[in-house]
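Q: I would like the entire structure built from these sequences, with the hints used as guidance.
Line order of the protein sequences matches chains A and B. Taking UniProt numbering, the leading residue of the first sequence gets 1, the next gets one more, and so forth. Taking UniProt numbering, the leading residue of the second sequence gets 1, the next gets one more, and so forth.
Heads up, simulated DSSO-like pairs for lysine-lysine below, C-alpha to C-alpha not over 27 angstroms straight-line: (1) A:Lys625 / A:Lys860; (2) A:Lys851 / A:Lys625; (3) A:Lys344 / A:Lys473; (4) A:Lys702 / A:Lys756; (5) A:Lys184 / A:Lys344; (6) A:Lys483 / A:Lys502; (7) B:Lys96 / A:Lys860; (8) A:Lys470 / A:Lys502; (9) B:Lys96 / A:Lys851; (10) A:Lys702 / A:Lys625; (11) B:Lys96 / A:Lys702; (12) B:Lys96 / A:Lys502.
Calculated from the structure, these hints are not laboratory results.
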Amino acid sequence: MSASNPRTAEHAENAEHAENAAPTIVLVGHGMVGQRFLEALAERKVTETARVVVFCEEPRPAYDRVQLTSYFSGRTPDELSLVEEGFIARHGIELRLGDPAQVIDRDARTVTSQSGLTVTYDALVLATGSYPFVPPVPGKDSDGCFVYRTVEDLLAIEEYATNRSSGVVVGGGLLGLEAAGALKGLGLTTHIVEFNPRLMAIQVDEGGGAALRRTVEDMGLIVHTGVGGKEITADGDGAVTAMTLSDGSSIDTDLVIFSAGVRPRDQLARDCGLDVGERGGIAVDETCRTSDPAVYAIGECALAADGRVYGLVAPGYEMAQVAAEAIADNTATSGFRGADTSTKLKLLGVDVASFGDAHGTADGCLDVVYSDSRTGVYKKLVVGADGALLGGVLVGDAEAYGMLRPLTGSVPPVSPEQLVLPAGLGAPAALGPSALPDEAVICNCHNVTKGAIRSAVTDHHCTSVPEVKKCTKAGTGCGSCVKALTSLVNDELEAGGVSVDKGLCGCFAYTRAELYEIVRTLRITTYAQLLDSHGRAEAREGDGCEVCKPAVASIIASLAPTLGASGYVLDGEQAALQDTNDHFLANLQRNGSYSIVPRIPGGEITPEKLIVIGEVARDFGLYTKITGGQRIDLFGARVDQLPLIWTRLVDAGFESGHAYGKALRTVKSCVGQTWCRYGVQDSVRMAIDLELRYRGLRSPHKLKSAVSGCARECAEARGKDFGVIATSNGWNLYVGGNGGADPRHADLLAQDLDDKELIRLIDRFLMFYIRTADRLERTSAWLERIEGGLDHVREVVVEDSLGLGAELEAMMADHVTGYRDEWAETLGDPERLRRFVSFVNAPGAPDPTVKFVPERDQVKPDLTILSGPTLPVRTLEGTASR
Amino acid sequence: MTMAPMTPMAAERTAVRVELLVDQRWFTVCELTDLTPGRGVAALLPDGAQVAVFPDRSGRVYAIANRDPFTGAYVLSRGLLGSAGGRPFVASPLLKQRFDLETGRCLDDEGVVVQAYATRTRAGSDEVSAQVA
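A: Structural data, given as structure tokens:
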């Protein structure tokens, strides 16, 4: 590298071409399909030899446009990114953000960008996507008129909607409903104007549209169908004030979003004379080549060989693969001949799916319909004259989609009416994925067949769902197939004779969740009783082990209020089951001393209490450190000092806190609305309420929480097991977050809750987790593992699908009323205090091995005492034997 | 109302002592009632050495050195007691290695052994039970 020869990009460009270096591939457009194309190039190692230049109009790399609306439920633009960190740099790709391609010169084989960069290509790939269609309504360019396509559009809508009260969405299709949901979420009175006689006219039929409309209206949205926008009125400043409809009526509105469909973005291709379709779209053949063999077009901008423009991401991905293959090998082995446009979506919380010949256009086909307007469920199957399933529409309950879509084209093994009737209405047990043929596509996003999944287990020796996901990519797209995937993998593993012992430990063949159910239903209150009745044969009447003892102690402790057993963790047999931290109610440190972490709910503390902590630390010579959970940790206490320290703390109004144990640790908070100029709720009060409510709750693993007073999220609530973020309407509840070695952002469970609803949902969530999680399984891992994932948890917790809500709430209520300060109780009982001695035969004597030396004006453990004589190793032969 | 004659309270029950064999001599560390089945205690020996003493659920008592050889900390008495294959063990509270309570042998690292002590429990001069180390 020569520093004396600085060259501009343009100069470098010319130099490289003079040298006639590596072949150059130019990609125009870095959207979802463009990124997939780059990945496909990298997989084929094309990036190692070719230069790859990408022109991208948007200021950010490819992101998940399908999930765009999740921005409004708290996902940041960064989280929507589809580009794995380091991907661009690792493959030496030149990504030019905010620099769209402007001119293509096919004779010279060059592309020139807005910034003036000209690149000569060997292969050019157009992935320019589509643009929103804005109907020619007078006034459509007024302030307050938007489209719904990019992150930038959303940011602009969000800003404009602040302090405004109503909005109109033009278009009642898929994107229109998403946009309407977003406006409603922003607190606007929201109207949907759809020209067709029903919502989602492309995907659903009349009956489905009616069911959908009822549900959407129940949510408070106002639906106008069969009408179009005629004119938009603006005020003197040019800002939208109203919209007149084609039937003459008028809606007062501050904001209009056009979401009336998209058009292929083919202008670049038109300008350089490539063939385009009559109704738009860059014409391509089965290998995605345009009328110029050096130029390809993929995704929504392409008019595929079957004469259709595909507006879905899965066909776009397929085209990206085909084009990459054609460029890499110059002989495409596969081709794009058209794609399945089946879709399953959750719009405004409603499941909507359509697949195959959803509108029944085939000759002689018949419908089988199930409709229940009370619950907003509508299901229609289209069946051919020969009994084959041709397609269908599902609204309100699309559970069967994963099974029905792969069956399309074949005669189902059970009658069609059994396929649409809800379980329990004479329908047989749901048709499992085992009934599907090997060719059936299970993962539509990645086009993975049942056969490929089976082969991942049998040929590639995957032994778990995560391994199969990694091996086949199945289930890593929209995730709707994970349930079917899990069932297939388990079936295959079982068939292969692989049996995994899911038992808790050598003493119990049951999982923690199973033991929880056993303890709960049989009302077992002691460990010995459980071990002798439900332990493995060889473990019964024994002493158990260090794995199951604390786990069972925790189960009994969390159920104690319900079972009427003592919740005090040091009572009776419970005393012998606890890890040392729970036994001594403090944290064991490496030299055998303990640390004490007084509870400071929400991190709020008075000066007087701060002084007490300082005095206690000084008087007992303790090392002090601020923790990550907004508390103060006091290190270096001997066992016999613990009660003395607690006494001082209890007298000052503290309780010592759970900084150990599988229980709630802290609820962090930011300072919130009271002081912060951005805050919209009192996050400190909520954090204190939550910490006091859930303190002492024994769970499968530790629980952490935080409350942020606004969307800036200073309390880092999304890194917690349950996190709460204030909105102007209440609280958003996030679950399953984690920091540490395996970080995970929490998922949104419910939004805009009032205090009461928030607490009710957290009560249910925690109790459901405690009931069903494995030992030492954090909520993040639990959420990933549990069948149905977040959706299932939401159904149980928010929608109460199992009817458990009241029971879970009652159990939490028992916990809250049964809570006692374990430290104060210990201090009040001389019998319990007897345990806090260093030596049973010298109660007053301190342990001489717990010593400290100075460091940075405080103390640290003196480890030289412990390193002492080396291991007292005796040879086994020398051991006295019986 | 008639009452059955009360049985006179048995004479003050004789305390059951827990004894360890130290240098060929039985040394009393505590009374059995000082112990909680399944939970250890630490005791000081006459030479200042520390032992960890554990009663199992049937009342048998075991004793091994209190020092955890993996960390040097004197904490084995605070580990959890268990049994595997009929043999009692304690799991260190720090890094969870298991030690056989009859032999002192570490079950997770073959070369490591801590001192094990023979124990017995006695009421008056009667032996109640004995564990040989």
